[in-house]
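Number of protein chains: 2
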Amino acid sequence: MRARTPSGVELASGRIPERIVPPAPPPRDDSLESLPVWGFRDTAFQVLPNRSVVLTGGRYPLCGAELPDLVPWMETQIGIAIDPRDVHEPSYPPALPEARSNPAFLEEVRKFLPDGALSSDPEIRLRHGHGHTQEEMYAIKYGMLPRIPDLVVYPAREEDVEALVEAALRHGVCLVPYGGGTNVTDALRCREGEERTIVSVDLGRLNRILWIDTANQMACIEAGAVGRDIAEGLARYGFTVGHEPDSIEFSTLGGWIATHASGMKKNRYGNIEELVLDAHVVTARGTLSRSTAPPRESVGLDARRWIFGSEGTLGIVTRAVVKIFPLPELQRYDAVLFPDFERGVAFLYDLTREGPVPASARLMDNLQFQLGQTLKPRTAGLAALKSRLEKLYVTRLRGFEVDRMTACTLVYEGSHAEVAAQEAVAKRLARRHGGLRAGASNGERGYQLTFGIAYIRDFVMKHWILGESFETSVPWSQAIALCENVKRRVREEHRRRGLPGNPFITCRVTQVYPTGVCIYFYFAIWYKGVEHPSEVYAELERAARDEILRSGGSLSHHHGVGKLRERFLPRVVSPGTLAWRDALKEAADPRDVFGIGNQRTDTRA
Amino acid sequence: MRARTPSGVELASGRIPERIVPPAPPPRDDSLESLPVWGFRDTAFQVLPNRSVVLTGGRYPLCGAELPDLVPWMETQIGIAIDPRDVHEPSYPPALPEARSNPAFLEEVRKFLPDGALSSDPEIRLRHGHGHTQEEMYAIKYGMLPRIPDLVVYPAREEDVEALVEAALRHGVCLVPYGGGTNVTDALRCREGEERTIVSVDLGRLNRILWIDTANQMACIEAGAVGRDIAEGLARYGFTVGHEPDSIEFSTLGGWIATHASGMKKNRYGNIEELVLDAHVVTARGTLSRSTAPPRESVGLDARRWIFGSEGTLGIVTRAVVKIFPLPELQRYDAVLFPDFERGVAFLYDLTREGPVPASARLMDNLQFQLGQTLKPRTAGLAALKSRLEKLYVTRLRGFEVDRMTACTLVYEGSHAEVAAQEAVAKRLARRHGGLRAGASNGERGYQLTFGIAYIRDFVMKHWILGESFETSVPWSQAIALCENVKRRVREEHRRRGLPGNPFITCRVTQVYPTGVCIYFYFAIWYKGVEHPSEVYAELERAARDEILRSGGSLSHHHGVGKLRERFLPRVVSPGTLAWRDALKEAADPRDVFGIGNQRTDTRA
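Sequence order for the protein chains is D and Y. All you need for the working numbering is the position in the first sequence, starting with 1, plus 257. All you need for the working numbering is the position in the second sequence, starting with 1, plus 257.
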């Protein structure tokens, strides 16, 4: 659908259309989502008796196809025979800690929240006490979480959030904002030492698009709206907010702000901090809000900027005004094969210099390229996969090596002219760097896999493989060395511990900037027979982060800090920065109402 | 000069050039600048006996040319006969308050600062106690400033700044960071109630480009470096930071960050918050710094973001890492005439929708268009000017009305292809909106005038005209109404007070965004015979701001708040925002070392 945007002629004549107020959406159906694993309830990878893998349901292009190559390929990579019948059965739900009640708080809250807006259901409480780190997912399936929220509330109005904060202040309660629960930083994990009643504030009922201003291309959206619903709600009127994190199906606008999120198409639309024009935030010192949302301002100390990256520690975002864009005239996928990762990086580098840069550009390393090939529905086995790759035009005629070649997937987006310009540059630069274009369908498939691949982690966990992703950002000149260093380090640490099989480690460049890139790693280990596998994995992940920091990388490009990476903060910022930050948190929230305790660098539990 | 940037091939091969460390620049020669008026000492407007005006010196294209039309045209506009011999002679320097000394502080500071790094010269102290608001400029010429800094210090190293802050904390001194002194918000004006010794920290000796990283396109620059020196220093290596505020000749990198500045070419390079990758800030709780400057991060509460717009109240920026860009292959000016302002706005609106948007696009209103015409060196008088305009092709053949037509000036910048694309869209849209292209030289002239026009205010002040600029940002749909409302309101207020002559009020659109524009007003009044003219002007300016806010405009697009607009803060942000902000300032700087007191909304003096 194309946007019905006014033209300058209408603007000059004063005939500006009114803001559109879309009908309120139906309440979000949380039952669609799985509690113990990532994603939709109807979607999961399964191994068939013939060792082929299939993704259930019908949500993704990948669904329903038999994938014979995945298991054998994984066996080769990890160096372990996988027996599909040997399943590490989850014992979900785990034993749950007793809820701590705060009767005075509850009494007050019942005055403004209806019965249906409170839940003390144990599994609901559990779900609100974790995100999707391997530690958390392993714990809910094979261990336990020693502390989870004691109560979940579902405010449907901004005033209810304000009243909740006031009640929490009065009665010594700890509040934890909850959006989509998709974080991968332990940001929702409750501290064991938290003695107060912990109340999870689920923003799922604050999910309306309040207005769409087509003339000025902005929309006001409640913080609990989920990415996929925002996309659908705006598309109905011909617009998009353009923010597409990999978690878009489940994560929320408020969560994007709190974690300082990045979207796949940021080259065209910007990252979240560039998209948000204004935000309402309920804090312990009152609500942060403004009278207007001008295009750009210099209004002194600007509280809105402080909320990005606050990860639940400063307040609850209730709504935001965001930029919107007419749906693009055209979207086209592309893929380019390169003989090696280095040449792919060189291609991306020149793309940022000689642009226009496509809406998205991603470069897989060789292992990830191979993984993508195993997710193709073919009837042959591993040998056939290798032979198929060797028969490819590029390997036969161009001398690409099967175990070195890489693929870059691209999304061109915009007007016909913009798409043509993006494509022309990509084509020219691909040639310069020995790349071969592999067609739109390969590019599209690469992007579609993103959402399916998210289900793999929970699938393989049952089969004794513990995996996780982590990311960083780094200047261009250090990018290739960083990838190599991290892979080497992880292999060394794995070997040093005498762990079974080989570690699986692969990376891709997922974002490009003029000054550097975002690099995204997948890392997995075989854990059968390993004692405390989750802790061992965490150790290796910390070693990888150590290596990232040594190699000039950042603590995180878009996942954030949470509790998973807080221990590294003193390595990347000065003591003054930490002191300043602690003083500001103390000032903004002296009673630590927003006590989820992310980014702590002191010795508190 | 073109940049010698590495290509991706070099990157992939590991042959990345080292960072360039440019030689240290000579100490900044402050004697080039005028103390009592804007700009360079050798540059000023003067009236000749024949009532023509001339700009002295040779710095600007305008210099040396006799401008016969300016005075007669101003007389018509203001409705007052100007007698060039009737000069309101400034009594600069005004009486100056005694310096308050703090011997213990002085003793400590002398241990690490050499003699030449301290000044108690009265005129130097005065210059460090004001910016360029009309109130301040009127006060130093015809009144006085009741409180100015007691001492000026010139640290040359970051450690000296840290030591200064420590000494200030120990001895109860108030520190005021000083960059170029170009603010127009009373941001440097000292509060009368400040009892402590006020020490101005002039960053002029922290003016080096520390390194240039050509591979990753970033540079580390000390905060006291002036815009023109940064531009020159980077151009030597083929780069630009692309930030061009109108004050670029005098303002500094640190000042840009503290005021949250905007540059003329932000469409191509971004505003200051988009250009800065990292900053070192010396605060009362230690120095904020980090180990790396990655392209983008999510690292939790991020102190760097809090410094934008802090206007000297939170700390002293000592250096920053900024993005840099290869000098553009091509730069081309353009100008388009429109029959009226409305059609010009419609053109700009469509430009943001159908782009690529040129590096800069500015639209004058009719009065400003006329002003531009009077700054042309012709030998005829006012009648000739009118007749010249009427003889223009556009007025003769196209029916443009001399007192309605407007001009839009454009800067295309980038590769040949980018410039061609920017120009093609501008051409097409100009046609759509009845515009006529007026050629590159008219466009270039429009931009060159920017720097010359800055000298007009101090020139006319001597001739009984008090003028000032102010700006706002506003969504597109409210832009035209805002311009009309402000002009009407100012005229009404002027009339209501029975002030002599007519008010002079004109505006231009100086920045475009997808969601709105920045509008820049010039406003002047004839003040001969007016009691307390500076206060009267300030009243009218506040009325204009009131009207801006009523019309949906922001408190400021890029000038900032300072003390000039702090009274309006409670109208644009919620009480919670103010409480939050005050708590954070208190936490970050409990002893108010950075006590210049901008953005105060409480009742302190």
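Worth double-checking, as some hints may not be accurate.
Remember, identical chains collapse to one label, so a pair may be satisfied in a single copy or spanning two.
Straight-line Cα separation of at most 25 Å, SDA-like style, residue types lysine to any residue; simulated pairs [unchecked claim]: (1) K368 / L693; (2) K719 / P351; (3) K522 / E451; (4) K368 / R752; (5) K522 / D607.
Think of the hints as simulated: they come from the structure by calculation, not from any bench.
Okay, the hints, checked on the actual structure:
When the C-alpha separation of K368 and L693 is checked against a cutoff of 25 Å, the pair qualifies neither within a copy, at 65 Å, nor between copies, at 66 Å. In this assembly of identical chains, K719 and P351 lie within 25 Å of each other by CA distance solely inside one copy; the values are 16 Å within and 82 Å between copies. Neither within a single protomer nor between protomers do K522 and E451 lie at most 25 Å apart by alpha-carbon distance, with minima of 39 Å and 51 Å respectively. Taking CA atoms no more than 25 Å apart as the test, K368 paired with R752 passes in neither setting, with 59 Å inside one copy and 56 Å between copies.
Taking the shortest Cα distances, K522 and D607 sit within 25 Å of each other both inside one copy (18 Å) and across copies (23 Å).
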